[in-house]
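Protein sequences appear in the order of chains A and B.
Residue numbering for the first sequence is 1 to 564, as defined by the UniProt record's numbering.
Residue numbering for the second sequence is 1 to 428, as defined by the UniProt record's numbering.
Read the hints as simulated data drawn from the structure, not as lab findings.
Any given hint could turn out to be false.
Pairs of lysine-lysine, DSSO-like flavour, derived with a Cα cap of 30 Å [as the list claims (entries may be wrong)]:
1) A:K26 <-> A:K108
2) B:K58 <-> A:K549
3) A:K441 <-> B:K200
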Amino acid sequence: MMIYVITIAVVIIAGIIAFGAVSRKKIYKEVDKLEQWKTKIANQPVADEIARVKGLTMSGETEAKFEEWRQEWEEIVGVRLPDIEEWFFDIEELANKYKFKAARSLLKEARQQLTDIDHHITAIFNEVEELVSSEQENRVGIDDIKERLEKLGQYVAENRLALDESVRLFEKRLQEYKENVRLFEKETEAGNHLKASQLLTEWSNDLSQTESQVKQVPAMLVDVEANLREECKEVIMGIEEMEKAGYTLEHLPFRSYLEDVMDELPSIKKAVISLELEKAEKRLEEIHDYIEYIYQTLENEVEARQYVEAETANVRQDVKRVETLLDELEDEREKVQQSYRIPDEDETRYYNTESRIEEALKTWRVFQDMYHQRKQSFTALKESLDAIKKDIHTLENQVRTLKEKLFSLRKDEVSALETLKTLRRQMLQDRMRLERSLLPKVPSALLNEVDAAENKLVSAAEALGEIPVEMGKVNTAIDDAKHSVQKVHQQLMTTLEQANLAEQAIQHGNKYRSESEAIDEQLLKAEEHFRKGYYDEAVYTAVGAVKRKEPHLLEQLQNGDKVN
Amino acid sequence: MNNKDIYVSLDIGTSGVRVIIGEMSGGSLKVVGVGSAPSTGLKKGAIVDIDETVRSIKQAVDQAERMVGLQIEQVILGVNGNHIDMQECSGVVAVSSPDREIRTEDIDRVMDAAQVLSIPPEREVIDVIPNQFIVDGLEGISDPRGMLGVRLELEGIIITGAKTALHNLLRCVEKAGLEVADICLQPLAAGTVALSRDEKALGVALVDIGGGSTTVSVFRNGVMQSMSVLPIGGDHVTNDISVGIRTTTEEAERVKREHGHAFIDEASDEVTFEVQTIGSEESEEYSQYEIAHIIEPRFEEILELVDNEIYKMGFSDLPGGYILTGGSVMVPGALELARDVLRHNVRMAVPDYIGVREPIYTTGIGLIEFAHRNVKIQGKEAAASVSSQNKESEEEPQQPAPKKEQQKDPDNPGMKKKMKNFFKVFFE
Numbered sequence: 001m002m003i004y005v006i007t008i009a010v011v012i013i014a015g016i017i018a019f020g021a022v023s024r025k026k027i028y029k030e031v032d033k034l035e036q037w038k039t040k041i042a043n044q045p046v047a048d049e050i051a052r053v054k055g056l057t058m059s060g061e062t063e064a065k066f067e068e069w070r071q072e073w074e075e076i077v078g079v080r081l082p083d084i085e086e087w088f089f090d091i092e093e094l095a096n097k098y099k100f101k102a103a104r105s106l107l108k109e110a111r112q113q114l115t116d117i118d119h120h121i122t123a124i125f126n127e128v129e130e131l132v133s134s135e136q137e138n139r140v141g142i143d144d145i146k147e148r149l150e151k152l153g154q155y156v157a158e159n160r161l162a163l164d165e166s167v168r169l170f171e172k173r174l175q176e177y178k179e180n181v182r183l184f185e186k187e188t189e190a191g192n193h194l195k196a197s198q199l200l201t202e203w204s205n206d207l208s209q210t211e212s213q214v215k216q217v218p219a220m221l222v223d224v225e226a227n228l229r230e231e232c233k234e235v236i237m238g239i240e241e242m243e244k245a246g247y248t249l250e251h252l253p254f255r256s257y258l259e260d261v262m263d264e265l266p267s268i269k270k271a272v273i274s275l276e277l278e279k280a281e282k283r284l285e286e287i288h289d290y291i292e293y294i295y296q297t298l299e300n301e302v303e304a305r306q307y308v309e310a311e312t313a314n315v316r317q318d319v320k321r322v323e324t325l326l327d328e329l330e331d332e333r334e335k336v337q338q339s340y341r342i343p344d345e346d347e348t349r350y351y352n353t354e355s356r357i358e359e360a361l362k363t364w365r366v367f368q369d370m371y372h373q374r375k376q377s378f379t380a381l382k383e384s385l386d387a388i389k390k391d392i393h394t395l396e397n398q399v400r401t402l403k404e405k406l407f408s409l410r411k412d413e414v415s416a417l418e419t420l421k422t423l424r425r426q427m428l429q430d431r432m433r434l435e436r437s438l439l440p441k442v443p444s445a446l447l448n449e450v451d452a453a454e455n456k457l458v459s460a461a462e463a464l465g466e467i468p469v470e471m472g473k474v475n476t477a478i479d480d481a482k483h484s485v486q487k488v489h490q491q492l493m494t495t496l497e498q499a500n501l502a503e504q505a506i507q508h509g510n511k512y513r514s515e516s517e518a519i520d521e522q523l524l525k526a527e528e529h530f531r532k533g534y535y536d537e538a539v540y541t542a543v544g545a546v547k548r549k550e551p552h553l554l555e556q557l558q559n560g561d562k563v564n
Numbered sequence: 001m002n003n004k005d006i007y008v009s010l011d012i013g014t015s016g017v018r019v020i021i022g023e024m025s026g027g028s029l030k031v032v033g034v035g036s037a038p039s040t041g042l043k044k045g046a047i048v049d050i051d052e053t054v055r056s057i058k059q060a061v062d063q064a065e066r067m068v069g070l071q072i073e074q075v076i077l078g079v080n081g082n083h084i085d086m087q088e089c090s091g092v093v094a095v096s097s098p099d100r101e102i103r104t105e106d107i108d109r110v111m112d113a114a115q116v117l118s119i120p121p122e123r124e125v126i127d128v129i130p131n132q133f134i135v136d137g138l139e140g141i142s143d144p145r146g147m148l149g150v151r152l153e154l155e156g157i158i159i160t161g162a163k164t165a166l167h168n169l170l171r172c173v174e175k176a177g178l179e180v181a182d183i184c185l186q187p188l189a190a191g192t193v194a195l196s197r198d199e200k201a202l203g204v205a206l207v208d209i210g211g212g213s214t215t216v217s218v219f220r221n222g223v224m225q226s227m228s229v230l231p232i233g234g235d236h237v238t239n240d241i242s243v244g245i246r247t248t249t250e251e252a253e254r255v256k257r258e259h260g261h262a263f264i265d266e267a268s269d270e271v272t273f274e275v276q277t278i279g280s281e282e283s284e285e286y287s288q289y290e291i292a293h294i295i296e297p298r299f300e301e302i303l304e305l306v307d308n309e310i311y312k313m314g315f316s317d318l319p320g321g322y323i324l325t326g327g328s329v330m331v332p333g334a335l336e337l338a339r340d341v342l343r344h345n346v347r348m349a350v351p352d353y354i355g356v357r358e359p360i361y362t363t364g365i366g367l368i369e370f371a372h373r374n375v376k377i378q379g380k381e382a383a384a385s386v387s388s389q390n391k392e393s394e395e396e397p398q399q400p401a402p403k404k405e406q407q408k409d410p411d412n413p414g415m416k417k418k419m420k421n422f423f424k425v426f427f428e
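Let the hints inform the model, and build the full structure from the sequences given.
Dropping the structure here:
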């Protein structure tokens, strides 16, 4: 037991020792790093950098800054870095004593301090640089401003007339700028380079604006006093001329607008003179845009007039054509109505088209009135004309469609007549075939079918002869007749075939008559059937009579084989 | 089949040769075989090419033989033409038998006696048709066999024909391997089938419109009074169509048969058909109405010629009217046109025998009926016209025997003897 305790204790102790060794090593390493950093900081040429301001006028802001930086540096070097040095020893000591937490805490503190110092030094460098560079920039800047002020002054003097009353404002500004220059020099002499720099920046922006304004004002004044006025007058004159030339522009507010603009010009000039150039510029831009719009509108009006004048003649032709087509359609309809029954939907379509054409013609007349009386602008007239044109074309197509429909109604009749003719021809041919066949007796069923077919042909002909013709009824009658005629043809061909077979079978059987009374008797029956028109029975009986002698007689006869 | 009752007729026409095999049983004729072939050796009813005619005959005979399975040996031949002449004849004989019963030989003798006439050397007797027998003054006897009498008279018609024409015809038949069992005048034969007894008694004209000729024969009082052959027939109509619509003869014939109409008033312009034009690959369309304008004038001409011929024959009024027959009358409208032109009652005669129910077969059927009647009346032998083609058949041994017996029987010289005499005359 004791061994275990001892062992454990030993292990624990060993572990503690090991942990302690590792931790210590780490802390030492950190301390070394910070030591190096500290050394680096201490070696920075802060003093040299601060000394750069000695080249400037050591007064005022410069002097204050210099002192400030120096003190800060001294504090860093003399107090803070040494403190940190001591902390390093403390840290190592704490580490040796296994007070790692405390050591780490102190380490952190030291690191933070070094970071602060580093930032501080960087700030010092930046400020120094700013001060030094501002002094240089100020020197350049002030020269530039002086030059500009001179030029501005020269410009203002040269363009007094062009600047009109605004010249006083510009001169006042120049004076202010000069004051600003003196102020600047004063601050510079006082060593307040940064302040001087700030002043310089402000004046420079202002000066730029003034320079811009001094260039703008003459142009704007010219625009307000001369260009715009002239332009307005020109446009007004242009409108008047267009109106004289027949354009209707009364509905457009251009003239009043332009007059208002002309009235407004003095106030715009005042704003320009007062250097409220942004406001004036905006207004002038609006006016120019609107004048551009006026030009565009008038141009559109001219184009519209050209279009209307050219297209009116074409549309007039279209309208005449539609009127003619409508008259033709009316004539055709009257003719067709005498012979046919026009379907209701077509009648409705016709009336709708007719009323739409009347409407279109009314619109056309209104347009013509407007056009001749110049009651509307050409732009509006163009829109009306386009609508009329489109409408007329649509109506023209509708009228043509209706005409075609009427024609097709007749075409249906012609087609029905052709079909009827074909059916009659078929019937005639079948009748001739029947006549030529010289059948001893035509089966009554066939005769009935023939009569039925003839009646249906007559009905179909009557349907076609009705006035007005109702194509639905005609087509039904034609279909019935067709069906009947086809049935007659089929039955006739079957009957002829059977009669032929019967005759051949009987004839063939005749050679066996004298051999057997039974055959003779059967063949007599077959003959009887044949003469009475029962051809199927005749075939059956005749073939049956000679079945023993010739079992395949029927097949041979049906195949048209030579039989012996 | 009983070969003794088999008759075979041979009708040689301008448009075709027709062979009909018929069996007489129970007094009625049953047609057992039919053969026909186009005729290319005749023109207007006269033989112009013997070989062609022989070929046509053989073709028709072959067809009929195949139908019955028998071989045709003898035929009843129809003759016609303008060379045929009819004249009245009469003969008188004394009944030879001791019991005064009139027998077949008496009839033969009186028939021979009736032929004793002055006939020009270029002509030959074809047949004698007894109109009536007179026994001891008793007239109107049609069959005197079995009657008792002393004196037997015959009044009839002797039919003669030109030797050349007859020789050509018989030569063709002989070359075709056939024997002539009997020769009959075609209109007489046709009249047997086409005309009723009443019509013949009243007076009727039988008009047989064939392909190349039209035969007009007048019957009255039960006998044929006169006949004439006009050299115009259905082929002329075909030719007119061929020229009119500029097509071939075959096409024209087809048009006539399938679409033709002989009466314009009843022709339809709705019935149309296409025809291949000669010398062109295109077809043209015609209507029945248009074709009727070609057919009717020719038919009208034929009918007017018929009417004139009858008038020339001396018959102005025929109560029985006109009977049309022949292959060319099948054109629709022919009957109506005939009624219109002849202004008389007209009907069409169509044989009512199953297998040959067309007017083109009237003469062929008539030949059989006529020959069968003459067998009875004139005591001619039954036409044993066929023999079996199958040598193993039971009938075969019997087949030749009757023929041989007939040939050898001196008491019944019959037609054979007549034919021998006929040939004898030729070669003497």
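Verification of the supplied hints:
1. Only pairs whose Cα atoms come within 30 Å are accepted, and A:K26 paired with A:K108 is accepted, the gap being roughly 14 Å.
2. With a CA separation close to 28 Å, the supplied pair B:K58 and A:K549 stays within the 30 Å bound.
3. A distance of roughly 27 Å separates the Cα atoms of A:K441 and B:K200; the hinted pair therefore holds under the 30 Å criterion.
Of the numbered hints stated above, none is contradicted by the structure.
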